[in-house]
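All chains should be built: construct the whole structure from the sequences, respecting the hints.
Okay, here's what each chain looks like letter by letter:
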Amino acid sequence: MAAPLTLLLILAVTIRAALYRSSLADLIAERVEVVSPLTAWKRVVEGLALLDLGVSPYAGDVFHETPLIIYLFHFLVDYAEITFMVTDVITAVALYLAVKDYNKQVFRKQKYALEAERYPLDCLELIRSPKEMYYIPLKVAMFYLLNPFTILSCVAKSTCGLNNAVIALFILTTIKGNVLLSAIFLSLATYQSIYPLTLCAPALLYLTQRQYIPVNFRRFSFWWFVAQYAFMYLGSLFVMICLSFFLLGSWDYLPSVYGFILSVPDLTPNIGLFWYFFAEMFEHFRLFFLCVFQINIFFYTIPLSIKLKEHPVFLIFMQLAVISIFKSYPTVGDIALYLAFLPVWSHLHRFLRNIFLVSCVLLACSALFPVLWHLWIYAGSANSNFYYAITLLFNVAQVGRTVTETKVHLAASVSGFVYRSCCLTVT
Amino acid sequence: MLFKTVNLRRRGQLAALSIAAVVILIGVPLWWRTTETYRAWLPVSQIQELANLQLQLSADVEVVFARGTVTPEQQKKVPLTLTQDDEHVVDEDTALRYRYETRYRTATIMEEDALNQPTAAEADLSLHTLSESPCGSLVVYVIPESSSLLPEDVDVYVGQRRTALLRIGAQTRVGRTLEQLLSHLEPRVKQVLQVMSFSHTDITAALSDRVRLSPGNKESIADSMRAFKSSPGYEITFSLLNPDPKSHRLHWDIEGAVQTYIQPLLRKLAPLANFSIDSQTLYYAMLGVNPRFDSSRSAYTLNSDSLAHVINPVEARLGSNAASSNPVLNFLLYVPDAHHSPLHINDHKKQEVPSNAFHSPRWGGIMVYNVNDFYGPEAAFPVDINIDMAKVMGVFLAQLRLLLGVQSSAPPPRFLVAPCSSAGIADWELDRLMWSRSVENIATATTTITSLAQLLDQIGNIVINDNIAQQVSSAVTSLQLAVAELESGNLRFALQYSKEAILASERAFFDPSLLHLLYFPDDQKFAIYIPLFLPMCVPILLSLLKIVSDARQRRREKHAKAD
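Going line by line, the protein sequences match chains A and B.
Per the working numbering, the first sequence runs over residues 117 to 543.
Per the working numbering, the second sequence runs over residues 124 to 686.
The hints are all genuine.
DSSO-like mimics (lysine-lysine), calculated; alpha carbons at most 30 Å apart, straight line:
no., chain 1, residue 1, chain 2, residue 2
1, A, K255, A, K523
2, A, K425, A, K523
3, A, K425, B, K669
4, A, K523, A, K216
5, B, K669, A, K423
6, B, K669, A, K523
7, A, K423, B, K681
8, B, K473, B, K514
Keep in mind the hints are simulated off the structure, nothing from the lab.
Set out below in structure tokens:
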């Protein structure tokens, strides 16, 4: 499998390099769908300039990325394009390896279940064959590298690529079962943007199941494992925050980064839901609705964990989807990461009834975003409602697709007469 | 397999219950805390105490007996102090108490020498060099009947500072006891106090903001409406109106005149308020009234009835310093045009007013200055005319005193009041003004604070920010201090605290931040919550209902199985 993967990587790098050299790079770097106030490259350059002058990069409310990123680019600013290409490559390879390992486990579980004759004979079509599963990791890497969203994000030099790389490495180490590295990468991801905190729950579920610790609240072994993981996680988070403090010399990065993510002061339009709502909100209710919107992201962790207890990798996929839809400053780069997981559950896609509708809506909205932006800002004949309508539609399509995936996955995972009933309804 | 589905359903219920738990346990307290109207703490109990105003005004009087008024035996008993209280209840919330602390003593040798001067004015002057009375107090010198200081028909001479000379009446003969003497003097000293310190009518007039009093006769209504209400600052504007620049080129040295005549008075009134002066010249400004030619006096005349119509058309052209909210006193000097000169103002009895000026209550004054005597018929127009500022400023100064409330009523019979000092206002007149202004400020400030507290109590939608609470607290503190200082007789401090109290209470009352959420009806709040929360709550409610109905069905099945 190395050869096709290498070919894919070379192709991806070529496309990106070609786009870097063209005139489209500047154009893409300014699109609000691709960059946000958190991830824009322009702001990183501004922060670097301030750092060179000896002023704190967070002075002036321009730069909102973490201190480790700015010190990384302090050394790599001349090789920025190569850095982002390498980041994409790392993400793709991490996803490839992770899905390969996951598939091995799924196949093993399926073999045991087959031998125990838990599957009724009608649902043979749901059982995956090794040939199908052989190409899935390559498909995942391809979905990520050749996704137009990813290419746009890389060409715009948005730091979202770095966030995606860290999350992909976290997924890889979790699936491989390495507790310490999983905790470290998760804390790095949380340090970058707060929302990956919700990935703690699926990570814990997966790791406990891999180590055959039963997920039972009355068992001591379960709590002992949770305590170990929490200690590693919190410890590495603490180390990173203190490291940033010592690098910069002050605590003013905390309100600039985390305060900015949580309190959403910048209402530049993007493909998220926050900007329009808070632009029209009365001052008196702003705090309340801010809390509601932020809780909304963390809200789905517990119910989803309860329902999807046996499918932690699917839970990771769900959480990534929830984060990239509901976070305060989403960009297309976040969407690209969870779209890469679609081939893993390709065997269920024939049961998704509205897949055609959803795909068409997503494509149409992606095409309409620049059109309505131009009409609103440059031609002046539309207004913010038009753009927000397309944003809403885009997010509704994503949510709809996520919900149906969950339903179908849950239905497909229960063995026994429920399986039979689902086959009956489908056929 | 049944077990697995039951397990699954139970997990689904658990998931729904967890959502409901988060909504209720975290959502509702969050909503309550973040959307409540911010109300800082106010000292409500202290404000309610202030609503019931018990003012005590203390005046210190020193009565000095000159030689010849008391016998030597009485002289030994004389150094004594008496305190007298007069209580008046104005209405159910307001009560006044006047406390007179009278100290009796005999004159020192230096004071006797001063009293031996030929005239009262000189005696007054030399008495001043001896001692300085503090603000708010009085010294009354009792002189024997045989003294030649005062003329025949005058019993009391009121000096320029805070002294008065009182002549003992003819009834006092040697042989009277000290008590009889004191009881004879007491009403007369009180009469002097009424003129020089405060009288009940003045103080109740100052309380008019708080207490509705039935108006007295016509003169007292006019007197009470003339003076400007107490304000922390006043703007004084002098305007020269020249309707005929083609004939008259007018020159007035207004800066010098203000410096010489007006500034001394304003400097003396500095503890009362801040004054700012400006001046302007207005060309082609006509009076709104056509004067009638009176052939018997060969002059144009303005009747007293038409004076009311003069001001309005002029006022529109005057312009004002819009940057301040202080009341403006306008003093207009009108030089009639060549065709309507000379112009005289007639009073009600159709007599010429000697000063040729009139004033309008709470607005200002107008003086007509005739210049037809300065040039002959063959003069080349335009004629240069220098206005005699001494005459003009004399009239304006008198009007300024009236408008600021310095002089309100004529003195009682057999009283001789000394002419004003060079500053234009006597010390005791200033004291009178300070008494009434302090009381007025305290009354207004208490009314404002109590009505603000009532308003904030009744309307729950008003936001009380921290700065409002701080202003209210400082107003309450200043008011309490002002009342305390009035009680102990420190007039200057009482006035200063009362001014601070008024400033703070007005600032708190009219602050725009109070109104942020005032007109926010509750149904608009629903319009804010429903678009987001109603669709969110529908699935939660439905699943909760399903759980309840499932539980009920299971219980019914269990009962059916049991039977």
